[in-house]
Amino acid sequence: MTSDLITVRGLKVSFASDAGIARVLDGVDLTIRRGEIMGLVGESGCGKTTLARAILGILPANAARIEAGQIRFEEHDILDLDEASLATQLRGRQIAYIPQDPFTAFNPVFTIGTQIDDLMRFKSPLLREGRLSARERRRADRLRVLEMLRLVQLPDPEGVLRKYPHEVSGGQRQRLMIAMALLPQPKLVIADEPTTALDVTVQAQILTVLKRLARDRGVAVLFTTHDLGTAYEICDRITVMYAGQEVEEAPVADFFARPSHPYTRKLLDSLPSSENGIRGITGEIPRLVDPPPGCRFHPRCERATEECRTTRPPTHAVAVAHDVRCHHPLQDSA
Amino acid sequence: MRRILRKLAEDRAALFGLVLIGLLVLAAILAPWLSTHPGDVTEFHTAQRLTAPGAENWLGTDRMGSDIYSRLLYGARITITIAVTAIAVAVAIGVPIGLVAGYYQGIGSELLMRVSDIFLAVPQIVLAIAIAQTLGPSIENVILALSATYWPFWARLVYAETRSCKNEPFVEAAIALGCSPWRVMVLHILPSISSSIIVRTTIGMGGTILTAATLGFLGLGPPPPTPEWGRTIAEAREFLPMAWWYAAFPGLAIFLVVMGFNLLGDGLRDVLDPRLRRAARHDK
Amino acid sequence: MKTFVLVVNRLAWFVPTLLGLLAIVFFISHVIPADPAAFVAGENATPETVAAIRARLGLDQPLYVQFWRYILSILDGDMGRSIYTGRPVVEDLLSRLPATLELTLVTVLVSIAVGVPLGVVAALRRNSWLDHGLRVVTIAGLAIASFWFAILLQLLFSMRLGWTPLGGRVEGWGPEQITGFYLIDALILQDHEILLDALQHMILPVVTLAVPATATIVRFTRAGMLNALQSNYVLYETAMGYPRRLVIWKYVLRNALIGTVTQIGLIFGILLAGAVVVEAVFDWPGLGTFAVNSILSSDYNAVMGFTVIVGTMFIVVNLVVDILHGMIDPREVR
Chain A
102 MTSDLITVRG LKVSFASDAG IARVLDGVDL TIRRGEIMGL VGESGCGKTT LARAILGILP
162 ANAARIEAGQ IRFEEHDILD LDEASLATQL RGRQIAYIPQ DPFTAFNPVF TIGTQIDDLM
222 RFKSPLLREG RLSARERRRA DRLRVLEMLR LVQLPDPEGV LRKYPHEVSG GQRQRLMIAM
282 ALLPQPKLVI ADEPTTALDV TVQAQILTVL KRLARDRGVA VLFTTHDLGT AYEICDRITV
342 MYAGQEVEEA PVADFFARPS HPYTRKLLDS LPSSENGIRG ITGEIPRLVD PPPGCRFHPR
402 CERATEECRT TRPPTHAVAV AHDVRCHHPL QDSA
Chain B
1130 MRRILRKLAE DRAALFGLVL IGLLVLAAIL APWLSTHPGD VTEFHTAQRL TAPGAENWLG
1190 TDRMGSDIYS RLLYGARITI TIAVTAIAVA VAIGVPIGLV AGYYQGIGSE LLMRVSDIFL
1250 AVPQIVLAIA IAQTLGPSIE NVILALSATY WPFWARLVYA ETRSCKNEPF VEAAIALGCS
1310 PWRVMVLHIL PSISSSIIVR TTIGMGGTIL TAATLGFLGL GPPPPTPEWG RTIAEAREFL
1370 PMAWWYAAFP GLAIFLVVMG FNLLGDGLRD VLDPRLRRAA RHDK
Chain C
175 MKTFVLVVNR LAWFVPTLLG LLAIVFFISH VIPADPAAFV AGENATPETV AAIRARLGLD
235 QPLYVQFWRY ILSILDGDMG RSIYTGRPVV EDLLSRLPAT LELTLVTVLV SIAVGVPLGV
295 VAALRRNSWL DHGLRVVTIA GLAIASFWFA ILLQLLFSMR LGWTPLGGRV EGWGPEQITG
355 FYLIDALILQ DHEILLDALQ HMILPVVTLA VPATATIVRF TRAGMLNALQ SNYVLYETAM
415 GYPRRLVIWK YVLRNALIGT VTQIGLIFGI LLAGAVVVEA VFDWPGLGTF AVNSILSSDY
475 NAVMGFTVIV GTMFIVVNLV VDILHGMIDP REVR
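Protein chains in written order, with the numbering used here: chain A, 102 to 435; chain B, 1130 to 1413; chain C, 175 to 508.
Hints may contain errors.
Calculated from the model, a selection of chain C residues having no Cβ within reach of chain B, i.e. all distances over 12 Å [unchecked claim]:
no., residue
1, PHE178
2, VAL264
3, GLY315
4, TRP337
5, GLY342
6, GLU345
7, VAL466
Straight-line distance between alpha carbons at most 20 Å, and here's what the computed DMTMM-like set of lysine to aspartate or glutamate pairs gives [said to hold, decoys possible]:
no., chain 1, residue 1, chain 2, residue 2
8, B, LYS1136, A, ASP119
9, A, LYS288, A, GLU176
10, A, LYS288, A, ASP178
11, A, LYS367, A, GLU144
12, A, LYS264, A, ASP219
13, A, LYS288, A, ASP300
14, A, LYS264, C, ASP503
15, A, LYS288, A, ASP317
16, A, LYS288, A, ASP105
17, C, LYS424, A, ASP218
18, C, LYS424, A, ASP219
19, A, LYS113, A, ASP391
Here are a few chain B residues that sit away from chain C, every Cβ distance over 12 Å (derived from the structure) [claimed, not checked]:
no., residue
20, ARG1141
21, ILE1258
22, PRO1298
23, ASN1391
24, ASP1395
Don't read these hints as lab results, they were simulated from the structure. A virtual CB, placed ideally from N, CA and C, is assigned to each residue, including glycine.
Whole structure, please, built from the sequences with the hints as guidance.
Structure (structure tokens):
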């Protein structure tokens, strides 16, 4: 068994829009190892969510097209699997999902209990063992559900199950989403900006719960966020995306100590601090319908040369497990 | 505007609706020239009663021996007059009420909306019957009955749209800049809610024509010998097993015209409704 | 408790609406006409009769006194006498009510049974030929004048082919009156002959009325389904691998139907309005036929009584639908 859980290679996804074909992902590489928390960081529109949905195989069929690439999850080739086996074998079993907005992700007209029961009916890990009768399994699952709700620190688990989604707070809903993601005992959890919609005070608690439970169970997490601070709190490694391409990947400590891509550097500089105040990044996010050739960041980069305008940079290793896609990476900028 | 027209042109069903409406307007304007027996609106030829469709009378003749095709063309004039006037009056009453009630939140607006709710709480045709029965059968009274029962649709729609529009930044900005309420309503709010009003009005035309025809069928429309389509169908009933054309063609005319407005309204809604437009924007 | 509050709330709105309806009818019948007494007396009345009626109805009193007396008399069940039948209008109307209710209720059931599945299929196969076909057919269904369609059906199936009866509710006498609903009465009495006969008489009127009603249900169900299908909870349920069948037929359909239920009041209005002319064509001995006869014989009290009764029924149906909606939609808290 290798340590790599999922590898994305050269993934290209385009969307049809009124303005033309938007190349939302343009040759993305990404690897997540077993049990690690990988942060996927970038501005909105950089392709984080598209990448997350491509891994789950839930891109909108009529609008999105996968042009090229490969997504390997253990022995499965996700892009080659048909919808039925994706839905029954992988989604909700091996790969679970925590949505961005816990307010609208619950079905408003069913109780939380109904929605969790239906999940367990099809995704319970006890189904895989297959030696329990249906009734025994339901009873065992019921206990597991209550146990999990306690683990995510929900007060009154039995009561919550009888409630409708609108009757519980946003933070509690996101705890429920974490519980539902972990209940099937998946190997990978895709958490798509799980704290963006929440109050800052609640965010920290949710992150702590997610991190602790993932660690305890050895579950890998793909955690997308546009907030470097959040990524620092929770992640083992960080991948930065810019305009549909990954530009830098590093262990979290190295990432903050030695950012090597000019974009990463500027991203870190834009964090508000007592010395600098707030600094933005000059220029605009490129239009994905007609992206700049070569390195997509070159129009906003002071270090750009002719080479940057024509050729996409290959991946350089600037340190152990620290890769950057730049013709002129920053050397020891710290 | 051009984008709207281009999108509409791609919608074959809506285009077909537009053609049907165009035919109705042409028929009404050119009735004297298109008809084969222009005098038959008032003249009788009892010798040719209930002749089947043929070379002389394309769509047959009625109980008075009058040419049905010619009467249908003149009937188009009545239909257009009733529908356009009734809707214009209903819009002229409903839109200002909705606009003012939506702009000024208060007991007055609450009361206005309650009144229009009560009008909406009764089926339109039933109220129209009561009013038309009281006023007596004539074109003017049909128009009155229809506009009196249909105005709340626009009041309700404009009220809701104005209320949500009032919180939009551009309206708040206009108010903050010191524009007079009248100016804000007419120059800022009205243009931005006009597409909903257009859609509602197009679909309302179809409904109004149907209701007007029903009133005609019940004998509450313009009196004979007016070639009103609904009344013609009512006359045709007693000659039914044989003279099928007598009832069939006026009904077909009503159907095609209402269909025209409904198709166009449906197409317009697809193009103009911002909620549907949002569905076309994809996730990045 | 929540239901109780809901019912009280809606009832509080019911009373002013009813008063408003009476005010409108009062305005139409007492304020618009130059001489209401002449209307009530009918076309062939002598001046003495008109004067007597004027005094008896208190038409020489101020308007607010008249309105007060009008409300009191309506509450007392007094809507005057019909010139046509010579009986109190209320008696005439009530004796015809079951026929109309039976017709409209059967039509609602048929329309739901046909309309909901078609709406679901149209939404699932959005933009297929079936969807486009249904769009045109439903628009056409809403464009047909019911009285014309009724006449055409009668011409074809009753007069030419002789498959269905020309009109009426049954051949000869109806079943012994228990509920006034012939289908139910025939079932209670185990009279299969009458049941079959009543069903045959019902086919054409129900088909005529069901066309616009079904078209409306198809359109609302389709829109509701599409709305639900594009929602975040469907994305979440898909991402977690809930089976597609379950997502559509349980989670999406329930949401779509809540929207459709609120439209049943509207549909009932379409049916009551349609019943006026359709009953007249098929000689169905209900409120509609009564109204048409009253209009043709200028029976003023009867027309106004019909307006009040149908308006009240419509308001009651909407009240029931509102309460029902409040009970099946857990989000409703008012």
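Going down the list of hints, with the structure as the test:
1. In this structure PHE178(C) is separated from chain B by more than 12 Å, as the shortest Cβ-Cβ distance comes to about 24 Å.
2. No beta-carbon of chain B is positioned within 12 Å of the beta-carbon of VAL264(C); the least distance is around 17 Å.
3. Distance to chain B contradicts GLY315(C) as a non-interface residue, since its nearest Cβ pair spans about 10 Å, not more than 12 Å.
4. With a minimum CB-CB distance of about 15 Å to chain B, TRP337(C) clears the 12 Å threshold, and the non-interface call stands.
5. Annotated as non-interface, GLY342(C) keeps its C-beta farther than 12 Å from every C-beta of chain B; the closest such distance is 16 Å.
6. A cut-off of 12 Å between C-beta atoms confirms that GLU345(C) is not in contact with chain B; the least separation is 20 Å.
7. With a cut of 12 Å on Cβ distances, VAL466(C) falls inside the contact zone with chain B, its closest approach being about 6 Å.
8. The straight-line distance between the Cα atoms of LYS1136(B) and ASP119(A) is roughly 12 Å, inside the 20 Å bound, and the hint therefore holds.
9. The straight-line distance between the Cα atoms of LYS288(A) and GLU176(A) is roughly 13 Å, inside the 20 Å bound, and the hint therefore holds.
10. For the hint linking LYS288(A) to ASP178(A), the alpha-carbon distance of about 16 Å falls within 20 Å, and the restraint holds.
11. For the proposed pair LYS367(A) and GLU144(A), the alpha carbon gap of about 12 Å is at most 20 Å, so the pair holds.
12. For the suggested pair LYS264(A) and ASP219(A), the alpha carbons sit about 15 Å apart, so the restraint of at most 20 Å is met.
13. Under the criterion of a C-alpha separation no larger than 20 Å, the hint pairing LYS288(A) with ASP300(A) is inconsistent with the structure, at around 29 Å.
14. Simply put, LYS264(A) and ASP503(C) have alpha-carbon atoms about 13 Å apart, close enough for the 20 Å limit, and the pair holds.
15. Between LYS288(A) and ASP317(A), the direct Cα distance comes to roughly 12 Å. Compliance with the 20 Å bound is thereby established for this hinted pair.
16. Restraint check for LYS288(A) and ASP105(A): the C-alpha separation of about 12 Å stays at or below 20 Å, so the hint holds.
17. At roughly 13 Å between alpha-carbon atoms, LYS424(C) and ASP218(A) fall within 20 Å of each other, so this suggested pair holds.
18. As the CA atoms of LYS424(C) and ASP219(A) are separated by approximately 11 Å, the hinted pair is consistent with the 20 Å bound.
19. Annotation: proposed proximity of LYS113(A) to ASP391(A) holds, straight-line Cα distance about 15 Å (limit 20 Å).
20. Distance check for ARG1141(B) against chain C: the nearest CB is about 9 Å away, which does not clear 12 Å, and the non-interface claim fails.
21. Its beta-carbon lying about 7 Å from the closest one in chain C, ILE1258(B) breaks the requirement of being farther than 12 Å from that chain.
22. No beta-carbon of chain C is positioned within 12 Å of the beta-carbon of PRO1298(B); the least distance is around 26 Å.
23. Remark: the non-interface label on ASN1391(B) conflicts with the geometry, its nearest Cβ contact in chain C lying 5 Å away (cut-off 12 Å).
24. Interface exclusion of ASP1395(B) from chain C breaks down, the closest Cβ pair being 6 Å apart, not more than 12 Å.
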